[in-house]
Structures are given as structure tokens and as C-alpha cells.
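Number of protein chains: 2
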Amino acid sequence: MYRDHNNSELNLSFITKKVTLSGWVQKIRDKGFIIWVDLRDRYGITQLVFDSERTSSALIEQARELGREFVIQVEGEVLERESKNENMSTGDIEVLVEKLTVLNSSETPPFTIEDKTDGGEDLRMKYRYLDIRRNPVKNKLIFRSKVSMAVRNYLSQQDFVEVETPYLIKSTPEGARDFVVPSRMNAGEFYALPQSPQTFKQLLMVGGLDKYFQIVKCFRDEDLRADRQPEFTQIDCEMTFVEQEDILNTFEGLTKHLLKEINGVDVQDFPRMTYDEAMKTYGNDKPDIRFGMKFGELNDVAQHKDFKVFNEAELVVGIAIPGGASYSRKEIDKLIDWVKRPQVGAKGMVYVKFNADGSLKSSVDKFYDETDLKAWAEQTQAQPGDLICVLSGEATATRAQLSALRMEMGNRLGLRKPDEFAPLWVIDFPLLEWDEDTQRYHAMHHPFTSPKVGQIPLLATDPGAVKANAYDLVLNGNEIGGGSIRIHDQKTQAMMFDYLGFTKEEAEAQFGFLMKAFTYGAPPHGGIAFGLDRLVAILGGQESIRDFIAFPKNNSGRDIMIDAPAPIDEEQLKELDLKLRS
Amino acid sequence: MYRDHNNSELNLSFITKKVTLSGWVQKIRDKGFIIWVDLRDRYGITQLVFDSERTSSALIEQARELGREFVIQVEGEVLERESKNENMSTGDIEVLVEKLTVLNSSETPPFTIEDKTDGGEDLRMKYRYLDIRRNPVKNKLIFRSKVSMAVRNYLSQQDFVEVETPYLIKSTPEGARDFVVPSRMNAGEFYALPQSPQTFKQLLMVGGLDKYFQIVKCFRDEDLRADRQPEFTQIDCEMTFVEQEDILNTFEGLTKHLLKEINGVDVQDFPRMTYDEAMKTYGNDKPDIRFGMKFGELNDVAQHKDFKVFNEAELVVGIAIPGGASYSRKEIDKLIDWVKRPQVGAKGMVYVKFNADGSLKSSVDKFYDETDLKAWAEQTQAQPGDLICVLSGEATATRAQLSALRMEMGNRLGLRKPDEFAPLWVIDFPLLEWDEDTQRYHAMHHPFTSPKVGQIPLLATDPGAVKANAYDLVLNGNEIGGGSIRIHDQKTQAMMFDYLGFTKEEAEAQFGFLMKAFTYGAPPHGGIAFGLDRLVAILGGQESIRDFIAFPKNNSGRDIMIDAPAPIDEEQLKELDLKLRS
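Read top to bottom, the protein sequences are chains B and Z. Residue numbers for the first sequence follow the numbering used here, so the first one is 684 and each next one is one higher. Residue numbers for the second sequence follow the numbering used here, so the first one is 684 and each next one is one higher.
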């Protein structure tokens, strides 16, 4: 038996007890006549003591040979400490070591195993097993496990059945790129790894399972943007005999439960906002509503003068930055440079200082008088002391630019508090979105999303205006979940595929099984999927998902710890009936 | 809202209430003046009634147009039934329909959606979504979900952290064949899908997570035997600072919990048997100990006469089949044919009838007298009325043959009761096993298993005799879990790789990250993995795993419902830098 207690358990009630502990050497303080060793495990730290009055000199010598991250086992007696440490659960005691066994030695770690480490990102990833010993990473993994369990317990109590759907499925050219898996037993053929269990969960509803969930890995072979992983985890859910309202209520319940159980936070019923309203008010379909700076559209009050830039713009729109009137000319110039960066892409920025004394001063005083600027202040809900920032141009692009500025200012002004939670349903998403590359409409959500009742005829006349029974759950400016009510009759589904540019043959080859299933009594159904990596990060008060994943991949999709991907044997390729082109 | 109750909820307390129900038409009985419809959902069946006295003729006409598996919604009043059905939760009531909406029609299903169906295996797999509507399949999936939740809850309560390990890892030629995934971003390189998260869970232990578990899909590209799936699910576990005893206790606890929670069965502490003893007593490392028929070795009492077959055999061994003395000559001949089938492979079988009157009659009376046969009866613990079956030959093969006969007779005699549970730890597995093909020793468990303390020197002299700290959990003749204490120091691991025929370069290329990790304070650790598919099947009283998997693949690794694997576009292949050979 390696231990009878872990390193967070001992306290004054154990005084004089003999104990056996195991763990890692976190720290050694050698004062000559006395040596303290901090012994660490997952649960905490216990202070060990070797002292020349009570410890044999042989044992003291042994202790002197210890190094950081050595794995040791000790037997000893629990003593009350002279100087207690209230910040740790074992801070009242120490263990006077009577026997020391080195279970394994350690080379000097490539970075310090402390809460704040000197290890850079690459080094931490290469030695991820050492990084995981650090509290910040370890705690995030334990936190993730807790969130997963809370999700499972809640949904199970609501009669959801967790069903495992297959990982080796069929590739479909629709949507993002699939990872494929060559089949040896079926030469020349490939499986694909699922981008989501979408069709399988729909088939489970056709199969009458009624309420399904699964916490499941999904795969997308995309060029990785920062903080995207080729494999990611979804909480995937589907329900039968439901309307949108049923789904929103069920998963609002889940989210409230998580906020309460994990964060101890009670939240009110989630506000709802249409997609159109979100775009108009925040320039963004996943607005962070923890703070204001709502968009004020200025076309009516800014296109009546001789300022050509505004007059020619599809949209003139501004936000009021709280307290921004005090920014220096230099600070404002920097802000203008910021919105003109290629990542944001604005051509320029007009600003109005709404001074504390009520006076208004703008960068376009040549064109607009105080009455005009007052009207702008009203539209942007500016208060004295604010800085009104105005962008203009093509509507969609301008909204995106101003949204970027709004989020940036939210961050800079500390308005995006990690311990404040502002969930929001965004509903009534468009069914389709125009794709410039292919010059046709694509399904905004996926081809199984049902249009709103009665809107199918609009597909012929104004496809972009058709709204879907689709919804996103937004938390603190991040989409944490999204879903829709699905099409459940074969005719509408076939029409949809036709509309999205599938030939009959393609639709049949790729989704024939689903359309066939729809002819055998498919019930109305719908669902939602949450991005678990993101959800866990946000509940944990972070925006980066990487440390909530035990072994993440880097931006080239590599695991630098195990060095994967890697070449495989020619023999393996042959068995798969494959060869490399280059 | 599609329903306010499900189809198992309504009872006498709802009489006169107005309800809304949805579901599938299970059955229609049209008596002319009255029509009954059984409405089904996941939860149960509710009887609907349309009757000419109380229902409008238009509604009756509508009901007449319903067909099996139509999806309908009804509104109506709950009435007490005249003839009650005590076998169903809703058997006291029926719903007089006032409004009927057809939500979806259905073509005639290709097989009947009943507990006993007329659908063959292939048809059921092709239309798996219809098969899942049947209680036997649906209930197995719900059962699986319950088992998974019970596992998770138990392990979480024991402080295990569920950690998701990556699916896109590195291929290693050791062990079974990997499924590989070509990387587009790293042309010419491949990921592999994990055969198990073995190295990752060990790294989590090096990382100090202390107790890990995961319910996780694993992948093996093997030629499929019956009831094997290319993707399968493991309950994967690992613990730190443990000896074999700690692991056995922990997972005996889990298994007892499952038997109690899922099956309502209390079991005693699990017996333990060494591998050698299991092979000797049952000819099998996963013996079904629900029944006897233990092996009796007969070399000492059968090799002293002139019977050459026995005298030349390495092993003469028999079992006593209860009640077998009454078998006719024809029945016994059939049994002999059975052991001579190529799947079993015995050359012949000697038998002894131990008659009810105590007399003994054998097929080798020419060579052996009653005293000899008495001794055989003693060795095989035969009782009057039994049939002693004796096989002989090379020891390992003969044991396997007799084990096959024993299991067959256990089945025929109804001794393998599905509701009886006999768990057993088999311990002290050999570290290595001889592989005839490659003419060298392979790791019996995997190369990370630690030899028993002090047995390393034996590797040089008698490798086959080295025992490992490896153990299997056997339930009713099936291995449901297996694991080992791992090597945790770099030197032993390097020696092990060397011993298994890895060059230094190969070991470094494939497992360098693990051996590196071992130099930074790797703690003693060990673990176990359960096959969830098998475990669930056995807890469910079945031996076939297929119906406990929502969408299984067939023996060629195909999903015949979605028709996968399938060819992919030339374009996709090009992006992956691949081409087909043939």
C-alpha cells in the first residue's frame, strides 16, 4: 500500500497518528538543522519535516538527495506545526518523516511546475504530462469532468438516453471537409469521421427513442484558426414531438442548472432576440450582452449634409464608448488605426466627443452642426463624457467592423467580466446564406433545418428572407449551442436538397437512407448541439479552450508531444491499396 | 405542443381529463361500429377509441385511413375501459378521440414492428431505425445508457476524473492493425485512431491526475470474427500509487455496484484464480464458473496401459457431463463428431459411462479395467449417472478442445443461466506469449505491463515462465475487463522494448515520448479496461453484443444502412496527396 491518506487530508485531528503518504517533491527548504519538503499530489500539499534533533542523520542525508519532482513515499507521525498556514487544508500540521522511499527520481523539468510557469506554449505542449501537474491545467481538466457529469446527470434525469453513434461513417461533400479513413477490407473505399452525429440522431428519433443525447467527439478537417481543434467535443441532443419552444425551455433548463451547479450563479429567464435584431443592435449574431454600447443607426440623421462618405454609404452606424470623451487625440488616432487594421477592415472612423459639459465636438465639424451631433448622441444613447464612434459603408461589413470595435472596447474597459454570465437565445436565423465563392445559397445551419411554417413559397421569390426554426444559445459573446427544428417529411427534404443544388442522384447517394427513413413515419423532431470545449471554458471564466483539453493539437493540427501525424510504413499503405502522389 | 402526456402515463386518476397524445399507430382493430387504435411511443402504449355513438362520422372516416406506423396526434378524453388489461400501465383506461391530426404517414414497413419480428438480420440492419422501434432493441439501448451512467456515477464518486484523450493519434505497428487517417495539412503523414488510450492514460498518471476514467470508442482494423466490431467502446481506467490489490478492490467494487444497481443482485467477494490454475481446471483463461465439469487430468491413471493414443499424449484430460450416462450411442457419436469438427479440432474422444448403478462402461474397455475407470471418475469428480469425456494430445490444444466441449455442454444442459452472475478474477498472467508466426515472444497484454517483482532475471532463462502483474475480470465465461500494473521506470521499459524485438530507434520513434515522460518522476500506476459492449450484453443476460449497439457494422465492417465505407471523390484524394493503387 503506497499511502493511507492523500496530501490534502491531514489536519489537527490526526496529531500523533502514524501515516503513509506518497507524492511528488514540490519544494525543499534546507535550513541545515532542519529540512522541509512539500509533498504534492492531485489533492494538495503536505509539509514533511526532517530535523536533526528527531531524525536520524542517515535519513537526513537521504532527504538531501531528493530533487524537485522526485516521487517518494514516506511514513511518519503527524505533528502540529509551529507556524501554521491558513491558506492550505493541511496548514496546521506537518509530518515528521521516519521512513523515506524514493519511488522514482526525476530529471530537472524543462519548466517549473508552479501555478505561474516559465514554460512557453510549445514547451508546455511537448511536455504536456508535466504541464498537467500544474494546478491551473489540472484544475481545468477536473472542472471539465465536473461539467460533463453535471450535463449527463441533468439530461438523464430528464429521460434523455445517451446513445453512442458510430465514428466510422460516410463522407459527404456538403459542409466542411471530412477526415477520411481508408478501409482495408473494402479496398478503394473510405469511411469518414463524423463532423457531427446529425443524421444518426435524426434516425434515432425516427426510431422512436424520443430523447437522445451524447457527449461525443466530432472531427473537421479545416485550416485551423486560432483556438480551433480538428477534433472537438459536442453535447449532442435531439427530441421528438417538440416545437422550438420545447427545445429552448429544455436547454435553458440545462444551462441554468450548469450555472447554478458549477458556478453557483442564479440567472433569470434567458432573453431572446431575433437574428435580425442581433445584427442590427450588435452587428453580431452572438452578442455579448454583459455590456451596452448598442448600435445607433445614423442614416436618417447623417445623410442630409454634404459629407459624401456618409451619403454614399449603405449604412452609417455608431456606438458610444463610455468615458471616451476624455481620450487624447493620440488615443483616438490609435483607435482609428485599430479599426483600419486589415483584421477589422474599416476605411476610417468618424468620432464625436460628447463632453462632460454637454458640448459636442466631432471630426466632421465641417459638415455637421451641434443639432446633428445631438441627434447622433440620441441614436447611440451616448451620455455626456462618452465618445461616439461612427463607421459607414456596406451594411454587413460595417456592422462587423463596429461589432469588432465594440468587443475590443468591452475588453479594454473591463466590461466583459468572467464571473458574470449573460445567456441569450438568438432565434429566427435565416434558412440560407449567400455564398460569394459558389454564387449560390447554402444552408446556414445545415440542409436538415426546417423553414418556418408558411415560408416555403418565399424560397422562389426571396430566398435570403426565408427564416428557419433555428436558434443559437449565446453566452458572454460566444455561441455555445445551436440547433433547429428539422425537416421530417421526405418531400420537403427532397425539395431542400434540390434547392441547395444537389442533383437527385447526389441527394440519393448521400442522404437516401435519411429520406427513405422519412417515408416510414418520421415524427416531428428537433435538437441542439453544444460545443463542450467552449462551454467549459466560458463557465471556467476563460475564452481560450486549449487548457480545457488534455492533449490539444497545435495550429497545424499536430500533437507535438507524440509527434503525430507521422509517415506510415509502405506495407500499411499497400494493405490499404493506396500510394502517395508526391 | 404535441403532447401533454406520454403513452405510459395515463391511469384511472386521469378519468374525464382532456389530454393530448402523440405517437405511432401500433395496431388498428376496426369492429365497424368501434375502432381501437394502439398508440405507441418510447414509453408505452395507450389505447385510443373511436366509436360511432360518440365520435363524429368524419372522424371515424379519418381513423379508417390510418395505417401502421403512421405518426399521429390526438386530443381526447380519458375514459375507464370496460375490459381492463393488467399487463400494461395504461390498461385501465382508453382515450376517446375528439381530434386527430396525422403528423406523418408511413409506407408499409419492410418487417413487423413487434417484439418478435419477421425481419431477417440484414433487413433489420438496413432499416435499423425501424428495428430500434421494437422493444427488444430499444430496451437494450436504454439499458446500455443506464449501465454507462451507473459506471460514471460510481467512478466519479470515487474521485475518478473523466478525461477525454485524443482520437487522432500516431500509428504504431505493434499489436493489432490501426485504422489510419491521412492528414491533408501534413501531406504524406497519417494519424491513427486509437486501439485504446493506453499511453495517454499513463501520461495522465505521470501528470498526477491520480485517478482517471473514460468511456471511449476504440478502433481495430481486424478481419472481423462474428460479434466483433471495428469500433468498440471501453471503460478505460487508470490509478496512481496502487498495487494490484488496490485495483482489484476498486473494480470489484464497481462491478458489484453494477450487479446491484442494474440487476438487483448481491454477489460475494469475487474468487481469484491464477492463470495457470484456470488453464489447468477449465482449459480456458476466462472460465465460466457458474457450473462445474472441472477438468480431471488423467495422465497418472491412464498412461499405464497399452493404449498408445494416451501413452503418446502430452495430456490426457476429462470432464464429467452430469446425467450423460443415459446418452444413447447415437447421441454420444454426435458428441464425438462435434469435438472432431474443424472449429474444435479433437482427433477423437474416449468416453466412460458411469452408470447410475455404479458400474462403469467405456469405449476403451479393451485397455482399461473398472479400477482404472474408477480412478478416472475420481479425477473428474464424476457421479453415478455421468458421462466422462476424455481428450488427449498436445496439452494446450487439448485443453482448448475440452474447454469448448465443456462450454457446449454447459449451454446444452442449461447451466449457463443468464440471470446468474459468477464473476472471477484471473490473475498472474504470463508476461509473454510465444508467437508461432514470428517465432518470437510477444507481450501477452501489452509492452507496458510490468513483470512480477524479482522475475526480470527469468526473462533470460525461461521467458515463458515470467508472470506479470496482469489480471482479467471474467464474468460468466467472458472476459469483461483486463489490466495490469504498468512499468513506470524508463530502464525497465527500454529493456522490455528491447526484449520484444524493438530496435532502440523504433522504440524511440514510437514510444520515445513515454520513456521521456518516465524520466520526470513517473509514479507507480496501473489500470484496467472493460469492454462496455460485452459488459452491457452480459448484464443484460445476452451473449451477442450487436443489439446493444445502436448502429453496428456487419462482418465485412460495413454499415449497410448508410452504405459505408464508400468511394470518395478524386478531388478529395488529391487534397490528401493520395491515389489508389488498383
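No lab work stands behind these hints, which were simulated from the structure alone. Here a beta-carbon is modelled for each residue, glycine too, at the ideal position from N, C-alpha and C. Misleading hints may appear alongside valid ones.
Unchecked claim - Derived list of chain B stretches under chain Z, where covered just means 3 residues or more per stretch with a C-beta under 8 Å from a C-beta of chain Z: (1) 786-797; (2) 810-817; (3) 823-832.
Claimed, not checked - Straight-line distance between alpha carbons at most 25 Å, and here's what the computed DMTMM-like set of lysine to aspartate or glutamate pairs gives: (4) Lys1174/Z with Asp1246/B; (5) Lys782/B with Glu926/Z; (6) Lys1174/Z with Glu748/B; (7) Lys1257/Z with Glu1188/B; (8) Lys821/Z with Asp906/B; (9) Lys1257/B with Glu1188/Z; (10) Lys900/Z with Glu1258/B; (11) Lys1257/Z with Asp1120/B; (12) Lys1030/B with Asp1040/B; (13) Lys1262/B with Glu905/Z; (14) Lys1257/Z with Glu748/B; (15) Lys1135/B with Glu1188/Z; (16) Lys977/Z with Glu905/Z; (17) Lys782/Z with Glu928/B; (18) Lys1174/B with Glu1162/B; (19) Lys1187/Z with Asp1252/B; (20) Lys1023/B with Asp968/B; (21) Lys969/B with Asp929/B; (22) Lys1257/B with Glu1053/Z; (23) Lys1257/B with Asp687/Z; (24) Lys900/Z with Glu905/B; (25) Lys1187/B with Glu1053/Z; (26) Lys969/B with Asp910/B; (27) Lys1187/Z with Glu748/B; (28) Lys1257/B with Glu944/Z; (29) Lys1199/Z with Asp1246/B.
Now for the hints, and whether the structure bears them out:
Using a Cβ-Cβ cut-off of 8 Å, 6 residues of the stretch 786-797 of chain B lie near chain Z, which meets the minimum of three, so the contact claim holds. Coverage of the stretch 810-817 of chain B by chain Z holds in this model, with 7 residues showing a Cβ closer than 8 Å to a Cβ of that chain against a need of three. Remark: the stretch 823-832 of chain B is confirmed as covered by chain Z, as 6 of its residues place a Cβ nearer than 8 Å to a Cβ of that chain, reaching the required three. A hinted pair counts as satisfied when its Cα atoms are at most 25 Å apart, and Lys1174/Z with Asp1246/B qualifies at roughly 22 Å.
Note on Lys782/B and Glu926/Z: the hinted pairing holds, with a Cα-Cα distance of about 19 Å set against a maximum of 25 Å. Annotation: proposed proximity of Lys1174/Z to Glu748/B holds, straight-line Cα distance about 20 Å (limit 25 Å). Restraint check: the Cα-Cα separation between Lys1257/Z and Glu1188/B comes to about 23 Å, which is no more than 25 Å; the hinted pair holds. Between Lys821/Z and Asp906/B the CA atoms are separated by roughly 40 Å; this puts the pair beyond 25 Å, and the hint is violated.
Our distance criterion of 25 Å between C-alpha atoms is met by Lys1257/B and Glu1188/Z, whose separation comes to about 23 Å. Between Lys900/Z and Glu1258/B the CA atoms are separated by roughly 24 Å; this keeps the pair inside 25 Å, and the hint holds. About 21 Å separates the Cα atoms of Lys1257/Z and Asp1120/B, which keeps this hinted pair within 25 Å; it holds. A C-alpha spacing of about 31 Å is found between Lys1030/B and Asp1040/B, which places the hinted pair above 25 Å, so the restraint is violated.
Of the supplied pair hints, the one linking Lys1262/B and Glu905/Z holds, its CA atoms being roughly 21 Å apart against a limit of 25 Å. At roughly 58 Å between alpha-carbon atoms, Lys1257/Z and Glu748/B are farther apart than 25 Å, so this suggested pair is violated. Between Lys1135/B and Glu1188/Z the CA atoms are separated by roughly 62 Å; this puts the pair beyond 25 Å, and the hint is violated. Taken as a hint, the Lys977/Z and Glu905/Z pair is broken in the structure, with Cα atoms around 33 Å apart against an allowance of 25 Å.
Only pairs whose Cα atoms come within 25 Å are accepted, and Lys782/Z paired with Glu928/B is accepted, the gap being roughly 23 Å. The hinted pair formed by Lys1174/B and Glu1162/B fails the criterion: a straight-line CA distance of about 32 Å is larger than 25 Å. Note on Lys1187/Z and Asp1252/B: the hinted pairing holds, with a Cα-Cα distance of about 18 Å set against a maximum of 25 Å. At most 25 Å may separate the alpha-carbon atoms for a hinted pair to count; Lys1023/B and Asp968/B meet this at roughly 22 Å.
Only pairs whose Cα atoms come within 25 Å are accepted, and Lys969/B paired with Asp929/B is accepted, the gap being roughly 22 Å. For the given pair, Lys1257/B sits about 63 Å from Glu1053/Z by alpha-carbon distance, which is inconsistent with the 25 Å threshold. The straight-line distance between the Cα atoms of Lys1257/B and Asp687/Z is roughly 59 Å, outside the 25 Å bound, and the hint therefore fails. Only pairs whose Cα atoms come within 25 Å are accepted, and Lys900/Z paired with Glu905/B is accepted, the gap being roughly 23 Å.
Using a Cα cut-off of 25 Å, the hinted pair Lys1187/B and Glu1053/Z is violated, with the two alpha carbons roughly 80 Å apart. In summary, the hint linking Lys969/B to Asp910/B is supported, as the alpha carbons are separated by about 17 Å, within the 25 Å threshold. Restraint check for Lys1187/Z and Glu748/B: not satisfied, since their Cα atoms lie roughly 31 Å apart, outside the 25 Å limit. Our distance criterion of 25 Å between C-alpha atoms is broken by Lys1257/B and Glu944/Z, whose separation comes to about 49 Å.
This hinted pair checks out: Lys1199/Z and Asp1246/B have alpha carbons roughly 13 Å apart, not beyond 25 Å.
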